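Peer 1: The lines below spell out each chain.
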Amino acid sequence: MRATAAPTLLALGLVACGGGSEDPSAGALHRFPVPGCEAFDHAPCDVREEACQAQLFDLALCLRGGGSGAPPAVSLMTEPEYAEYLNGLVEPPPQPNHYERALVMLRLVAAAAFEPATVVAERVTNVLGVYRHATEDVVIIDHGAATDDETASRVLIHEFIHALQDRDVDLEARDEEYASSYDSYLAVRALSEGEARLHEIRYLASLSGVDPGAVDWRVRFQRSLEYSEGWVFEQTSPYSAAYDVFPYQWGARYLNFAWEAGGFDAVLARFASPPLTTHTLMTSIDAAAEPVTPSAPATLTPPEGWSPFADATLGAWGTFLLLGQTAPRETARATAFGWRGDRLFVFAGPASADGAEPATAVVWVMDFADEATAAAAHTSAVVNGAVWITERVGARLTVATCDQVVDLAWAFVP
Amino acid sequence: MGNRAAAMIFSTLTTFACAGGDPQPETSAEVFCEGVCSVAVRCGEPSTQRSCVGFCIRQEPGLSNYAFDAASAYGDCLSKLDCVVFYSEGAFEGCWETARSRVAVDERTRSFCLEHTREYFQCAYSFTTQECEDIYKMWSDGVKERVAACHATGCDALDACVGDVFDDVYAEL
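Residue numbers (the working numbering), protein chains in the order written: chain A, 1 to 414; chain B, 1 to 173.
Chain A with its partners taken away, still in its complex shape:
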């Protein structure tokens, strides 16, 4: 579970002045139980204690409305311990990392975004807890004062939902089956993270003293998503930052429709037939959207000496990240809704005799619903990148660039 990119309260000064939650005059916070779970204790507790874990697991079972078994093992890691654990897992990328270079040229990540030190530092900062499929246990990351009982209890509910999901649907196998690209990875993860976030936030309402039965949940999940969208664009590596928010916020909004319609069974039905594109998640605004069948732009053949390095689909979300760099957010979003398929090709240039780094070329072929949408995307792309070569043919837009001066005409072969 990742930390939410939450807005700060404008009236925070007032809240901070309020301080004194232990003030006897403030009285005990009255917690409204989540409807249907009135029999369960909603109070936050010390997650290191087994009794607390059992209490929250029972609550997680009730919140989810399905699942069974005993609570998984729970442990805590300090930030240094978690960093050490991650250092043992994160593999260094190939050097030179042409994929990273390509995304840097597209302004989707900052340099070194995929270096292990960057990845580990980001995770240590932002990860609050993790459910480990291999060992079927939960680890809560102890962020010191920030990890109070309320936060830790909320995180444990989230991770318990993952444990229950894993018992119903083998999460790792499902990811391997469906998540073949950036686009499908974010979409598929949106189910598991979305369900966990959905119930975590229902629990958060109770923790906050808000009556979960009185909340307009569609407003809540839409609003969280909007804040997260804005947050992503403030990051130096929006492509990477999306991992922290897209599956959670877009997934929660998406699964809330299923939850409202048919509870646990309807959610499980979504797991049986997961959305495979971020387009489906992004366009599920008032109800779950019907998926579009993405186009499959043909494989590009580079000139002699060049070799394919990566072949990815960034989806409507990636398109939005690209266009939203300069176009007004609303325009970029509307254009991304017209996404109908894409392929991003990254090529490594020939090795030079003088030992200089080989060139990196990136060609992103994007298909849209119609010519007008492609033209809108084209306009945004032209405004964005003076060094990019762009070409629109009908409803297809191609964006190409290279970190060395080379002829990229081959990228635009129809």
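One or more of the hints may lead you astray.
What the hints assert, rightly or not - So these bits of chain B aren't anywhere near chain A, every CB distance computed over 10 angstroms:
(1) G54
(2) R108
(3) L114
(4) A124
(5) A148
(6) H151
Unchecked claim - Some but not every residue of chain B turned toward chain A, in silico, with C-beta under 8 angstroms:
(7) T117
(8) Q122
(9) C123
(10) T128
(11) Q130
Said to hold, decoys possible - A short, non-exhaustive set of chain B residues, derived as facing chain A with CB atoms under 7 angstroms:
(12) R118
(13) F121
(14) T129
(15) C155
Everything labelled a hint here was simulated from the structure, so no lab data went into it. Note that this is a predicted model, so its numbers are computed, not measured. Think of the CB as a built atom: it goes at the ideal place given N, C-alpha and C, for glycine as much as any other residue.
Since the structure of chain A is provided, determine the placement of chain B on it from the hints.
Peer 2: Quick look at chain B alone, frame taken from chain A:
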């Protein structure tokens, strides 16, 4: 909070002769002014308690923004201050916090915060009813009503609207 208002009162304090008895304070302004004038007169302000209170009430109509219990506890804390402390930096802020620790949450605040916290929660802000009650128990029903009117503005404007209300409230003090 209240510091600026109090400073203004004592920078312009003059003596007025007032007639009448000693009725119990009935308003936030009266009860606060009773407390603050008590210490001010004790500490050498050239005024009588009665004239000080009268001037204080007329000079600071914004005191009605305080909840009565908050104004009472605030004024009571001030009235008990040592003169050196009273004229020192932070005396009013300290008493405001002391008052906060003494004021109980009333039913109106409780019901307001149920609604207000829900609005904030729906708009994805992190804000608990306890935090809400701790803030709003100090403010009058009128302030709460002005804030409650912000609930109709929607999430985009909610926070700014509440901020504007408090800007006005502080300006009135």
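Peer 1: Next step is simple, just say for each hint if it's right about the structure.
Peer 2: Verification of the supplied hints:
Against the 10 angstroms criterion, G54 (chain B) stays outside the reach of chain A, whose nearest CB is about 30 angstroms from its own CB. No beta-carbon of chain A is positioned within 10 angstroms of the beta-carbon of R108 (chain B); the least distance is around 14 angstroms. Annotated as non-interface, L114 (chain B) brings its C-beta within 10 angstroms of a C-beta of chain A; the closest such distance is 7 angstroms. With a least beta-carbon separation of about 4 angstroms from chain A, A124 (chain B) fails to lie farther than 10 angstroms from that chain, contradicting its non-interface assignment.
No beta-carbon of chain A is positioned within 10 angstroms of the beta-carbon of A148 (chain B); the least distance is around 14 angstroms. The Cβ of H151 (chain B) lies farther than 10 angstroms from every Cβ of chain A, with a closest approach of about 12 angstroms, so its non-interface assignment holds. Hint status for T117 (chain B) relative to chain A: holds, with the closest Cβ pair at about 5 angstroms, below 8 angstroms. A cut of 8 angstroms between beta carbons decides the hint on Q122 (chain B): the least distance to chain A is about 5 angstroms, and the hint holds.
This hint holds: C123 (chain B) has a C-beta 5 angstroms from the nearest C-beta of chain A, less than the 8 angstroms allowed. Contact between T128 (chain B) and chain A, as hinted, is supported at the beta carbon level, the nearest pair being about 5 angstroms apart and thus within 8 angstroms. For Q130 (chain B), the suggested interface contact is upheld, since its CB lies about 4 angstroms from the closest CB of chain A, less than 8 angstroms. With a least beta-carbon distance of about 5 angstroms to chain A, the hint placing R118 (chain B) at the interface is held under the 7 angstroms criterion.
Satisfaction of the interface hint for F121 (chain B) is found here, the shortest Cβ-Cβ separation to chain A being roughly 5 angstroms, below the 7 angstroms cut-off. The restraint placing T129 (chain B) at the interface with chain A holds, with a minimum CB-CB distance near 3 angstroms, inside the 7 angstroms limit. For C155 (chain B), the interface hint holds, the least distance from its beta-carbon to any beta-carbon of chain A being 5 angstroms, beneath 7 angstroms.
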